[in-house]
Every structure is written in C-alpha cells, then in structure tokens.
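Participant: Sequence:
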Amino acid sequence: MVRVWEAAKARGIRLVVGCEILVGDEHEATALALHVASREGYTHLCELLTEAHRNSRTSTGEKRTPYVTLAMLTGRTQGSGRRSSGAPELIQPANHSQTKPLFDLFGSRLSLALTIHKDGEDRARLAAVLQESRRFGIPLLATNRPRFAVPEDRVLYDVLRCIQHRTTLDAAGRTLLPNAEAHLKGEAAMEALFANYPEAIARTRRVADACLFSLPSSSITSPVASRRTSVHDIVELARERDILCQGRGSAANSAVCWALGITAVDPARSSMLFERFLSPERKEPPDIDVDFEHERREEVIQEIYQRYGRSCAAMVSEVVCYRGRSALREVAKVFGLSLEQTDRLAGIPSYWDSPESASEERLREAGFDPQDSRIAAIVRIARAMQGFPRHISIHVGGFILSAEPLSRVAPVEPAGMKDRTIVPWDKDDIDVLGFFKLDVLALGMLTALRKGLDFVKEPGDLRGANERLAQIPPEDPIVYDALCRADSVGVFQIESRAQMSMLPRLRPRNFYDLVVQVAIVRPGPIQGGMVHPYLRRRSGEEASEAPHPILAPVLERTLGVPLFQEQVMQLAIVGAGYSGGEADQLRRDMAAWKKTGRLARHRDRLYRGFLRHGISPEFCERLWKQIHGFGEYGFPESHAASFALLVYASAWLKTHHPAAFAAALINSQPMGFYSPSTLLQDAKRHGVEVLPLCVFQSGWDCALESASPSARGGPAIRLGLRLVKGLGAETLRVSASDLEKLAEAGALEALVGKARRRGLWEARKPVAERLFLRANVASPTGKAALNAAVPVPTSVSVPGLTRAEQLALDYERTGVSVQDHPLRVLRERLPRDVWTSAALAAHPNLHGTTIRIAGMVLVRQRPQTASGVVFMTLEDEFGFFNLVLWAATYERLRHVATSYPLVLVRARVEIADRETASSAPIIHLVVHAMEPLETDGIVATPSRDFH
Numbered sequence: 001m002v003r004v005w006e007a008a009k010a011r012g013i014r015l016v017v018g019c020e021i022l023v024g025d026e027h028e029a030t031a032l033a034l035h036v037a038s039r040e041g042y043t044h045l046c047e048l049l050t051e052a053h054r055n056s057r058t059s060t061g062e063k064r065t066p067y068v069t070l071a072m073l074t075g076r077t078q079g080s081g082r083r084s085s086g087a088p089e090l091i092q093p094a095n096h097s098q099t100k101p102l103f104d105l106f107g108s109r110l111s112l113a114l115t116i117h118k119d120g121e122d123r124a125r126l127a128a129v130l131q132e133s134r135r136f137g138i139p140l141l142a143t144n145r146p147r148f149a150v151p152e153d154r155v156l157y158d159v160l161r162c163i164q165h166r167t168t169l170d171a172a173g174r175t176l177l178p179n180a181e182a183h184l185k186g187e188a189a190m191e192a193l194f195a196n197y198p199e200a201i202a203r204t205r206r207v208a209d210a211c212l213f214s215l216p217s218s219s220i221t222s223p224v225a226s227r228r229t230s231v232h233d234i235v236e237l238a239r240e241r242d243i244l245c246q247g248r249g250s251a252a253n254s255a256v257c258w259a260l261g262i263t264a265v266d267p268a269r270s271s272m273l274f275e276r277f278l279s280p281e282r283k284e285p286p287d288i289d290v291d292f293e294h295e296r297r298e299e300v301i302q303e304i305y306q307r308y309g310r311s312c313a314a315m316v317s318e319v320v321c322y323r324g325r326s327a328l329r330e331v332a333k334v335f336g337l338s339l340e341q342t343d344r345l346a347g348i349p350s351y352w353d354s355p356e357s358a359s360e361e362r363l364r365e366a367g368f369d370p371q372d373s374r375i376a377a378i379v380r381i382a383r384a385m386q387g388f389p390r391h392i393s394i395h396v397g398g399f400i401l402s403a404e405p406l407s408r409v410a411p412v413e414p415a416g417m418k419d420r421t422i423v424p425w426d427k428d429d430i431d432v433l434g435f436f437k438l439d440v441l442a443l444g445m446l447t448a449l450r451k452g453l454d455f456v457k458e459p460g461d462l463r464g465a466n467e468r469l470a471q472i473p474p475e476d477p478i479v480y481d482a483l484c485r486a487d488s489v490g491v492f493q494i495e496s497r498a499q500m501s502m503l504p505r506l507r508p509r510n511f512y513d514l515v516v517q518v519a520i521v522r523p524g525p526i527q528g529g530m531v532h533p534y535l536r537r538r539s540g541e542e543a544s545e546a547p548h549p550i551l552a553p554v555l556e557r558t559l560g561v562p563l564f565q566e567q568v569m570q571l572a573i574v575g576a577g578y579s580g581g582e583a584d585q586l587r588r589d590m591a592a593w594k595k596t597g598r599l600a601r602h603r604d605r606l607y608r609g610f611l612r613h614g615i616s617p618e619f620c621e622r623l624w625k626q627i628h629g630f631g632e633y634g635f636p637e638s639h640a641a642s643f644a645l646l647v648y649a650s651a652w653l654k655t656h657h658p659a660a661f662a663a664a665l666i667n668s669q670p671m672g673f674y675s676p677s678t679l680l681q682d683a684k685r686h687g688v689e690v691l692p693l694c695v696f697q698s699g700w701d702c703a704l705e706s707a708s709p710s711a712r713g714g715p716a717i718r719l720g721l722r723l724v725k726g727l728g729a730e731t732l733r734v735s736a737s738d739l740e741k742l743a744e745a746g747a748l749e750a751l752v753g754k755a756r757r758r759g760l761w762e763a764r765k766p767v768a769e770r771l772f773l774r775a776n777v778a779s780p781t782g783k784a785a786l787n788a789a790v791p792v793p794t795s796v797s798v799p800g801l802t803r804a805e806q807l808a809l810d811y812e813r814t815g816v817s818v819q820d821h822p823l824r825v826l827r828e829r830l831p832r833d834v835w836t837s838a839a840l841a842a843h844p845n846l847h848g849t850t851i852r853i854a855g856m857v858l859v860r861q862r863p864q865t866a867s868g869v870v871f872m873t874l875e876d877e878f879g880f881f882n883l884v885l886w887a888a889t890y891e892r893l894r895h896v897a898t899s900y901p902l903v904l905v906r907a908r909v910e911i912a913d914r915e916t917a918s919s920a921p922i923i924h925l926v927v928h929a930m931e932p933l934e935t936d937g938i939v940a941t942p943s944r945d946f947h
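First residue of the sequence shown: 1, per the UniProt record's numbering; consecutive thereafter.
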C-alpha cells in the first residue's frame, strides 16, 4: 500500500485506500470492498484486518484464509463501503441472509458492484444484481474489478493464480479467467461499457470523491514510542541474561551510546559524522542496530513483546520476490513439467542470473528443445515474473515499538513463526511512514565468542560474558602477525578469500587498520578504484595527498582516499555545498538507488561543486563510481569500527586458543563462511588434536579434553554428537534408527573394537531381544542415560571398511573426517605432476607457470564487482587453492565448475605483490581447464556456494 501511494503521488494521482475482505466463513462468504474515507475509517480498517488475521494461522503455522464476521464489522463502519459480487465465476452476488445486515451497517454508503466481463455470464449476473438492488434499495456501483493492468498481462495472471492454488494450467479449469477483460480500464472505456447504467458510473465517482484519506498525512501520526522505550533498555535486558550484544551504526557509536554501554567502540578512536544520524532535515529518530547472540536472540525478542505488550510491538516484514531460479521453477510446475525436468530447468541460471540466462545454448545443454513452444512460454513468463512479490517473510530483525496499539495505524497479523507478530510492510515502507523502528539482529560470531570464552574461562571467574569480551588484551602484536599471514579462517568478517588476499597487502598493525580492512573489500571502494591507491600509499609507493586541500581533513585518516560512506557525505558537504541533511539524503539515495533511481539527481550538483573548487574531473568520476558501489554494498566507518572489535576478539581467540575457537564455531553452527570440516582441518594445521565421536565420551556439543603429549595446539577437541546428521538434540533413549546413525558416524567403535562395519552389523541385524543391556552411557544433553550396552557377540565375520568406504561414511553422516581427507585417499591415483597446496606455497617463484592441482570445492563466489568473474576455493589435505575463472572461462566450464565436488584443474600461477608480501605470498590460479575427479564413491563435504 505504501509503495502504490508513493507511485500515485509521483504521478499526481489521488489514491483511494481500501481492502477487499470476505464476510462469513469457509462455507459461505460475501466479498466486500471497503474504502477508507477518513482517519477514523482507516483505524477501523486496520483493527478489522488485525482481528481477522488473529486466528488465521493453524497450529503448524500454515496460513488460512481470514474471514470477517458481521459482529466484527459492527461499530467499525465509519468510512465508505460497497459490496462486491465475489469471485468472477459466481452468478449470484451473495446470499440474501447477509444483504440486510450489511445494509443496516453501512446504510446509504453501501453499493452493489456491477461488473461486465463478457464471459457469457454477464446477463445472469446483471439480473441477479439488479434484483438485489430493487429488493433492498441499494444503489449500483460500476467497477471492472481489475486483476491486472493491461490485457497482455492475463497469461501472467493465470500463471500466478495457478501458483497460488498449487495447480497446473491443464487442471485449473474455472480457476482461470475466461478472457482478458479484467484489466484496468480508463474513464472512456468504462463509460462505454456501462452506457446503459449511467447511475452506476455516477455512483463510482461519488464514492471515490468521498474517500479523501491519504497515506501518510497529518491525520495519521506515526506511533512514537514512550521515553522509557529505548535501545538501552533492550541492551540491559540482554545483559541481565548474560547475552552478548553490541550496538552498531553512527548513532550507536556516538559518545552517548558509548557511555550507556550500547557500544564498546570509543568514539574518540573513530571519526563520526554527526549528520549521519541527526540533522534538521531528518524527521525520524536515529537508527541503531543491535546484534545479539544468534542462539539467544529469541529470548530478547520475546522479552520485548512481554515488556511492551504485543499490541504495541511487532516485527517488520520483508517482501521476497521472484528471481531467476524461483521464477523458472514455479512456472515449470504450472506448465506440468515433471519434478526432474523442473529441477533441470531451474538449475540453468546461477543464483545471480535472471531467466534471461536460459539461452538456447544452455537449454540444449540441459536437455531441452529451445524451439518447443511450452519451454519457450515457460522462459518468457518467468522473465516477466522477475521481481514480482512471491511472499512476505519476517525481516531479519526490524522491530516497531509504539506507545499506542499498533492496530490503530497498521494491520497486525501473526507470523508463520511461533509467538511472532508482524505488520505487512517492509523497512522502506516503515521509513516512509516515519514509524519508530529498531533492529534486533542475530550474529553468529557473538554466540561463538561467548562459547569460546566459556571454554577458556578460569575456574572461579564470576565475570559475565560481556565483561570478559571487553577485557580481551588489546593490540596484541602476535594477533596482528597472524592476520598479516592471512591466518584468518573462521575469523569474523575477514575469512573470505578476498579478505584473506587483502590481509598480507594491507598488513594491519592496529585497531584502525582493522576498521579499514573490514571496509575496503566492498563494492564502494572497489568500484570507485580506491583500493589500489590506498595500498600504494600505505606501502609508501605514492604520496598520501588529498585531491584538493579543502578535502584533506576529510581524507586524512585514510591517506587521501575515500573509503567510508561518511566520507562521501563529508565530501559532498565540503566540496559541493551540501547541508548535513542533504548529505544524509544522498546517503539514503545511495542505499536505494536501484529501487528509486533518485541517485542520478545528485550527479550534476556534485560535479559542479567539485569543479568549482578546482577538484579534478578524474576524481569526480571515481567518486561517482564509488557512490554507485556504496549503493550495492558499502560500509560506513561506524559499522566497520563495531565489526572491527569482533574481528580482533575472534582473531585473538583463534591465535591464543585455537582449539576453543574451532570448537566454539562448530558448536554455533549454522554460521560463518566455512563448514565444520574446513574448520577442523584448519585447527589440525594449527596443531590441534581432534578426537573422534564416541558414545561414551561425546556430549551433544564439541568439547575440550586433554591432548596427547605429542600435540602442540593445547587441548584436544572431542567431536560432539551434534555433527551426526538426523540425531535429535533431546534424544533420551536411542531408537534403532538413532543407533544406526551412531554406528555410521563411528560413535560405537569403542563398543566393537574400532571396527565400524561390526558396529553397523550389530545396529542393523535382526534380533530377538534387546541388543544393549548396560546403562550409564551419557546422553547428548547429559540429562539422562542412554539405554545402551555392549552388543551380544555373534560368530558372523564382517570385513573391515576400506579407507574410501570409511571416508564416505564420515562425510555422509557427519560431514567431517578426523583421520582422513578425500585428496589424501585419491593422491596415489593422481598424475605425478599434480601439485599440493603445501608444495605450491613453498615455491614462490612459479609466477606465470602453468600447473595442475586437484582439490575439494569449498566455496564458489561471484562478487557483483567482479564483472562476471567467478572465484573458487579448493582444499586438499594440506591447505587451500584460490582459483580465478574469467567470465568466458566460467561459461565454458560452467557445468563442471558448478556440479562436481572434486575437480582436477589446469591453471596459470599468479603471485600478486611478490615484493611486498613475501612472508605470505598471495597466490591465485587462473583456470584454463577443469574436469571432474573420478572418486570411486568418495564423497566430499558440501560446498558453500555464492553466499
């Protein structure tokens, strides 16, 4: 509704606000269109929709059709209303039993809808409506009851209707419209259509003219939260429960928020722009985001509901739209393709592609005939659906708080998630309306840090997690040494291959360097061409000078190169004469340039201002590109500073307590960039001993135990039963199915002499009595005992597992292998000229050489700033390979590059910054050829692709 109001306002069209409801129940209902004439009518409509939706969810969270009863309408009829004829295929407008009560409620404002759709049923429908009108004296209202804008959209509407009803075009029958008459028609067309009913046309005009309510307007004030409602209150309630949390954002990193403990970032350590969160032109309160432990955020959310009342608190929605794959998948179902065909067709686009990528060549590769009329129609309609709303979801953390019931100003409905309520508007709508919103966000690293700090807590330490986090020793040179070596697997924000490539080049040595590190590998600085100038100045290759003396104070901290969102705002103020509020509007337009297109209006003003001061056109162009990059994703310095604290804390924990760090990350899954397998392999490379699953020793979570004397990485990690796929956390008694899962995972080897196949046999064999009789085996939660014991021995002889078989079981059931790696098993069959990652790292003189490597795919990425280039990270038994596939190469090798977990690659070695990064060479492999590895049943851990 907010978006159509904005669009209507931009085109000078007065919007009539309203809603079509169903009066009755699932057995019999009358469609009623309610139009809002006043502020009071709008409030009544919001309250009515809130009440109707209140009981529209089943116990399983499934959405049911909401109905309105006559009792709910009583007392809420201020405004304007008309009765509609129901679904297009109905002949009778409604049953007579509801007409009189509706007329009693609405009086002379009630109308009967008159529609002419040329569907063969107009005569019967008109007769019924006219009879009803004469009987009760209800005037007629002309409406086309439009379902789409133009006739050409009818096919798309039919497909969307089928998706809604979960049927196919062949089976839809009368669910579909018989023609395209239900489109939006102009005044002349409506007058011609209803030439025999001029009084119905006149009634339509009178009703529309009476509906003067506008959204938003002075008559709808935003619900301002009471003064006791504050971010500080919410942070305090989290800390009362010892939940790690941290505020971020410009307002969060202000001196006030620092003094209140909302953020741990000392504002004196960063350069904050006041207008970023407060200015005369900004009419809403400053935005503050707060991150909480992702496993415990729900405690905070429910406490907010309880403290402020469910009537005054609700979460914001997110409109999920159709994209390439989802559009193709849904349209293929509607056209009746088989599940296998649908999967193949939907698999053609990559996640970033639109349905346009379903070219004739790709269709043929996937086994489809591009000339088939049905396939062509599917692709055409999927393209038209791109960007259409698919469903409403809960926003990641947006909360609206109000001093009055929200249902007076917005419809509130239960979410699919238990004990959540939402308003059906997204965050942009909320901003337009000026509602008070705060973001209660979930951050996995906070969960991991708390669990890691609990592992290393000294006995008797009574400090809370927040206090222990704040007292991590600052500016430890050993930590920065590790980061300069790109030793950052699992470290917050700097674990991606792009960040790991940047670390040896930037070589951070203090906290502010981490602030820059977090922000520099983002579309804003990259698209603006700011990264390489900054690195050259940091290494002393060129002078650190601002493009003009008036810009020097703004750019001094970043060596004369703009890297942060606030700096762009400051440059607009200093160089182009923007006010603080105008600079903040520039920021908003940067963030929403794809949606609104309002960013373009700033270009000429910025250029004129900079050129007037003698700033070079080249700098203007680079800055403009950077502004567009910030629209894709750019970091304000305030956010980067908050995140840098967690970067340092996680790096400190990894450097000094690698076992605790790895175990905490695995116990906090799902989160982060890497799988548990990669995290454990990295921990082993740091000398950490990893102990296998054991039904006697393993709890639900990974734990720390005393390591063997030969281990050099501190305590050992004992794997937890949480890694066993399909095993429930609250299992108190082991079922036959659970026993089989434990056997496959190797957790029963202590019972059967480390013979996993024997354990599998004992778990699966038919028995006449209980296999396990002995108790006192710790359960996953430690709360009860498993009814398990040594299996009854038999004389059956079973062979042991091969390495490949055991590895396959490891990955299939747990996703990790303690003692082996797919490449270690396959190494002996590979050609002798295939390099290992360890050998490659030991030969920094291979630049320009073409080599062959083999590995397991960990990650596939395609950054928006990379012009179609795809990056892949492979792992062998010793470490990582970083692959680069140019756009043309990726298109040629796309099937192999996206479909196989283990690959053999021929590539050219590229070693960047060989002179400045010799201690940690940055090695990339530019791919020429790629083929799948023959695995003989060896499986690999699933890759994390295009996140």
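Do not rely on the hints blindly, as some may be mistaken.
Derived DSS-like pairs (lysine-lysine); straight-line CA-CA distance at most 30 angstroms [claimed, not checked]:
#	residue 1	residue 2
1	725	741
2	427	457
3	754	684
4	427	741
5	9	185
6	118	63
7	765	754
8	118	9
9	9	427
10	741	754
11	725	684
12	684	741
13	684	457
14	418	9
15	63	625
16	63	427
17	418	457
Just the calculated beta-carbon pair ranges, DEER-fashion [claimed, not checked]:
#	residue 1	residue 2	range
18	20	71	11 to 21 angstroms
19	210	188	52 to 62 angstroms
20	383	942	46 to 56 angstroms
21	373	26	48 to 58 angstroms
22	735	942	39 to 49 angstroms
23	868	818	35 to 45 angstroms
24	188	945	52 to 62 angstroms
25	266	165	49 to 59 angstroms
The hints are simulated quantities; they were obtained by calculation from the structure and are not laboratory data. The C-beta atom is built at its ideal place from N, Cα and C for all residues, glycine as well.
Participant: Does each hint hold? Answer for all of them.
Facilitator: Hint-by-hint comparison with the structure:
no.: 1; hint: 725 - 741; in the structure: holds (8 angstroms)
no.: 2; hint: 427 - 457; in the structure: violated (40 angstroms)
no.: 3; hint: 754 - 684; in the structure: holds (22 angstroms)
no.: 4; hint: 427 - 741; in the structure: violated (44 angstroms)
no.: 5; hint: 9 - 185; in the structure: holds (20 angstroms)
no.: 6; hint: 118 - 63; in the structure: violated (34 angstroms)
no.: 7; hint: 765 - 754; in the structure: holds (18 angstroms)
no.: 8; hint: 118 - 9; in the structure: violated (33 angstroms)
no.: 9; hint: 9 - 427; in the structure: holds (20 angstroms)
no.: 10; hint: 741 - 754; in the structure: holds (16 angstroms)
no.: 11; hint: 725 - 684; in the structure: holds (23 angstroms)
no.: 12; hint: 684 - 741; in the structure: holds (25 angstroms)
no.: 13; hint: 684 - 457; in the structure: holds (23 angstroms)
no.: 14; hint: 418 - 9; in the structure: violated (37 angstroms)
no.: 15; hint: 63 - 625; in the structure: violated (45 angstroms)
no.: 16; hint: 63 - 427; in the structure: holds (23 angstroms)
no.: 17; hint: 418 - 457; in the structure: violated (35 angstroms)
no.: 18; hint: 20 - 71: 11 to 21 angstroms; in the structure: holds (20 angstroms)
no.: 19; hint: 210 - 188: 52 to 62 angstroms; in the structure: violated (23 angstroms)
no.: 20; hint: 383 - 942: 46 to 56 angstroms; in the structure: violated (30 angstroms)
no.: 21; hint: 373 - 26: 48 to 58 angstroms; in the structure: violated (39 angstroms)
no.: 22; hint: 735 - 942: 39 to 49 angstroms; in the structure: violated (26 angstroms)
no.: 23; hint: 868 - 818: 35 to 45 angstroms; in the structure: holds (39 angstroms)
no.: 24; hint: 188 - 945: 52 to 62 angstroms; in the structure: holds (54 angstroms)
no.: 25; hint: 266 - 165: 49 to 59 angstroms; in the structure: holds (58 angstroms)
Violated hints, in rising order: 2, 4, 6, 8, 14, 15, 17, 19, 20, 21, 22; the structure is consistent with all others.
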